[in-house]
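Colleague: What follows is each chain in one-letter form.
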Amino acid sequence: MVSSILKTEKLCKSFSNGGVQQHVIKNLDLEIREGDFTIIMGASGSGKSTLLYALSGMDKPSMGKVFFDGTAIQDYSNDQLAVFRRGNCGFVFQSIYLLENQTVLDNVLTGALIVQKNSPELVAKAKELLKKVGIKEEGWKKYPNQLSGGESQRVGIVRAIINDPKILFADEPTGQLNSASSTDVLDIFTEVHKNGQSIVMVTHDLKTALRGTRVLYLRDGGVVGDYVMKPYDEDDIKERRRGLTAFLEEMGW
Amino acid sequence: MKILRLSIFNLKKNKKEAFVIAFLTMITTLALCIFIANNSKSDKIFEESFKASGSVENLVIIEKEHYRSAYRSILEENYNPRNFSEISLVFGAATDVIEPDGNTISYNLLFLTEKAERKVESFNQKEKLSDEEISGLSHPIWLPVYFRIVKGYKLNDTFTIIRGSKEYPFTVAGFYETGIGSSDGYGYKCVVSEEDYELFTQIFRGNMMAEYTGFAFDTDGEFPYNEFIEKCENTTSEYLKSANIYHRKNLEKANETQFITIFLLLIVFISFVTLIASFVLIRNKINNDIEDQMQQIGVLEALGYRSKEISLSYLLEYVISGGIGAVLGVITAILLTPVQNNLIRSMLGREFEGYAEIGGMILGALAVILAVTLFALLKARTVKKYPPVIAFRKGIKTHSFKKNVMPLENCKGSINFRLSMKSMFQEMRGNIGIAICIIATGTAILFSLMSFAFFKDGTKGLESMMGIDVDQLAVSLVNGADAEKMREEIMADSRVDYAMITYDLGRVNIPGSDEAGSTIIYDDFKNTRIMVPFAGRFPEHDNEIMISVKRADEEKRSIGDSMVLECNGVKKSYIITGTISSLYNGGSGVYLTSAGYRRVNINARPGMLYVFLKDGVNEDEFSASLLEKYGGSVKDMAKGGSSGGTLYDNLSAEAKEKIAVLMSQYGVSSVDYAIRIGDELLTGNSRQFAIKEVRSWKGMIKSQMEPIADATKTGTLAAVILVAVIVAVILAIIAASNVKRQRKSLGIMKSMGYSSKDLMTQIALKIMPVMIVSMIIASVVAIYVNKAFWYVMFSSIAQTDMLLIIAADIAMVIFAFIVTYIGAGKIKKISVTELMTE
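As given, the protein sequences belong to chains A and B, one line each in that order.
Going letter by letter, the first sequence gives residues 254 to 506 in the numbering used here.
Going letter by letter, the second sequence gives residues 1247 to 2084 in the numbering used here.
Extracted from the complex, chain A is given alone in its bound form (with noise of 0.2 angstroms):
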């Protein structure tokens, strides 16, 4: 029996908008299975973005509990959400968010080091996931404005993940990247999770969610459906993506 490495019970967040609340996720019950790479779904304005922000303690829910390996983490004070974040989670984003005046291995370094002490170890570490996602050694010493997009992410993703974080959440990863670059990012998610990382990633893209086992359709706050997929395999595609495409129509996507 695969446990359960995140859980909400009566999720609820709202926002306040010129003195309008609006309910973006109403009593959400949900359970986030470890290794699994969850795929978030949904129309735009349907919470996906708000449920990964709660779920991974970037942002407190309105009312309801989190638990992650069966902690509750609802309660926690932002420095408290901080330290949980830095040994359990990584993260990619959309718009990659490097930090500009830091080279691309203190890029990386720059998360590693606030959870473990630097050794030469996870130096070479650093490097070695470096160049697993193409980057060369000439370009560690790249600032991000000398990157490509795709490099930039690629850089992204190894920041993410370089603590062996329990799970790793990405809000559309290749949302700002073209079609080859999105390929290759895609890639390393698929090869990382097969090495057994829990993934829960935000997307509107059916080639990014074919590469998911699960995918949660959101719709008005709730999940409307769940649907699970066996491991991403290239050989399956065409099944894959012709079972995931019925599950989306039917959820009207």
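Note that these hints are calculated values from the structure, not bench results.
Quick caveat, the model's predicted, so the values are computed rather than measured.
For every residue, glycine included, the Cβ atom is placed at its ideal position computed from N, Cα and C.
Be aware that one or more of the hints could be misleading.
Taking lysine-lysine pairs in the PhoX-like style, the calculated list, with each CA pair at most 20 angstroms apart, reads [claimed, not checked]:
| id | chain 1 | residue 1 | chain 2 | residue 2 |
| --- | --- | --- | --- | --- |
| 1 | B | 1658 | A | 370 |
| 2 | B | 1649 | A | 395 |
| 3 | B | 1261 | B | 1959 |
| 4 | B | 2074 | A | 313 |
| 5 | B | 1630 | B | 1554 |
Chain A stretches covered by chain B per the calculated footprint, using a threshold of three residues with CB under 8 angstroms from any CB of chain B [as the list claims (entries may be wrong)]:
| id | region |
| --- | --- |
| 6 | 329-336 |
| 7 | 359-370 |
In silico negatives: residues of chain B with every beta carbon more than 12 angstroms from chain A [stated by the list, open to error]:
| id | residue |
| --- | --- |
| 8 | 1368 |
| 9 | 1616 |
| 10 | 1678 |
| 11 | 1710 |
| 12 | 1862 |
| 13 | 1925 |
| 14 | 1992 |
On the provided structure of chain A, position chain B as indicated by the hints.
Modeller: Chain B only, in chain A's frame:
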């Protein structure tokens, strides 16, 4: 229109910064206005007061004993004196006076009659008792207005002078405006009745206490005093340098106004510091605004706006905030005029009608606005560096980057520390501005703190710079008194720690020098307590001498040089072994061993005891008991005779009178008597007449310097607090604007798990190297400023309290860390989700 809108938007967006800039500009203007309003005011007040006093400009007084009529002829024949008159007066050095509050304090006092006073000046009385009331007083005295303003005397108060063991109470009959001879350290001029003047000629006898003949006169141009004295000396072969005092208008003015000048300089420095601080803030804000609005700048440029026009949008807000600050500064300065006037009144010791120099203040305010505007314009011109394409790329001109300083690969310790240092190096140019600001503020704080520490215990700090052991009581013995016997008797007193025999304070001629040497003689300088040589060592042998730093500097004498002293025609050469900071007699002190002094003054006989009391013993009480036991005045006794009472009293008085006559008329030095009255034996001896006077250096310093010390203490403490507040405000604002500027990076780091505390620590740590280096530089500058200050003001070298400076530096660095840490607290408000949904 778009430009104006951008400008108003910037002003609204950064209300806090705009407020702080207005505040700093206000302080700058206020300080500048205080300087402008008072710089000429103190001079003007002195001149007006001098004019109102009707005083002559020169008063040369020569000890009657050394006075020759030829001196007057020399003056009249060679120097064409106008309004000349010759007067008599009495000088009483270090005269103890019981103040209205009951404390005893020492003053250098000059006494003269009203008739003599009217020859020197017009005796313009500012406040006085009625003629009827005055005629009812047995001992009226008229004091300079200084005593009313600074010391708080009122009409009818008692002004009690102590000589020997006797008290001479006077009643204050009036306060008068005086020109010279009131506050230059050589005597506050007091007007007394003819009878009392006669009394003073009798009771003020001793070293620098005597009746003097004075020449009061005006001259065209500066009177060549030294030349005159030399002419007199050459004519009569009298050594006059140690027997005369020269009061003159310019010296009086310089003495009275010097502390006001110091205060004004301190205020100008604060004005400069706050101006620098506002520049740093403006620079920081403009940089941030331009960085924030880079793409908007690009759009405006693309639309055809010239960079000059865009620069104007960054200028207007500083003209507005600086203008508001400057106006508030002028208003505050005007409102504070009465406070300033009170301060000046108490520091000058002169009355004046208050007025505000509004014209000058407005000019000052305009200068501040102009400076702020020009600086802002200079910084705003940075926009020129960003043509549209570069602006669109957020200012990145090329894809070349500087070397990666402090790569994290080599990080050994804390990542927060490493990242803060990395960031510090990346923002080196901005740090230079902050460093200049911290150096300026740090120097102001450290200098003010050193001055505050120096004066915090009143005049205690000055005691260490007097060049004499102020811990001691100087006990002058009557001629012929057995010094060794007296020392033994005094040493037997349980309150006494130590007593040593020395020579009365005297003066020796120094050929080639304009200033005679005031002798300070010790058998062995190892017995001194407070005195510490500034350089070299104390004299140990009879051919060695130590001199003041001032004399060494002015006369270009160095350790190892030889120096000739002359006394009563005997000349002897000495080797200089050291120098010492010395305020005593204007730095004229020469330090010799007893044996060394006897070489040049062959007839010298020890006539003084230095008495060091045990800790906790009250100096005044001890002096009083000493004088009661040994301080009977021979003259009083000889004149007084017996006066009623019991047979025992009458006989005792008769015996004392007999002794007095023997001592004063026949030079008898020791008498013992025994009278049998029935079964009773009445005994006594001449020991009662052994002490001429007991002088307290501390009291003397207190009378001359206490008001100045108090004002300096208050002023410097206020300066420390004000500048510390300015430092706090600047650092907090810089930290807050750092957070604003680095909002995105900080948000990214938060998403990685850096807590607000981590990031606040990084921002606070980032300022630390700048702070440490700046404070070290500020310390060095402050030490030199302090030394220069003391040298210029007092011809003395201030000892540097390194411990205080180090403690202050550490405190400043910690203070800066805390302030910056708190200032960076805005980080807490940065939400990662807001960042990601931007």
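Colleague: Quick one: which hint numbers does this structure break? Sort them smallest to largest.
Modeller: 3, 14
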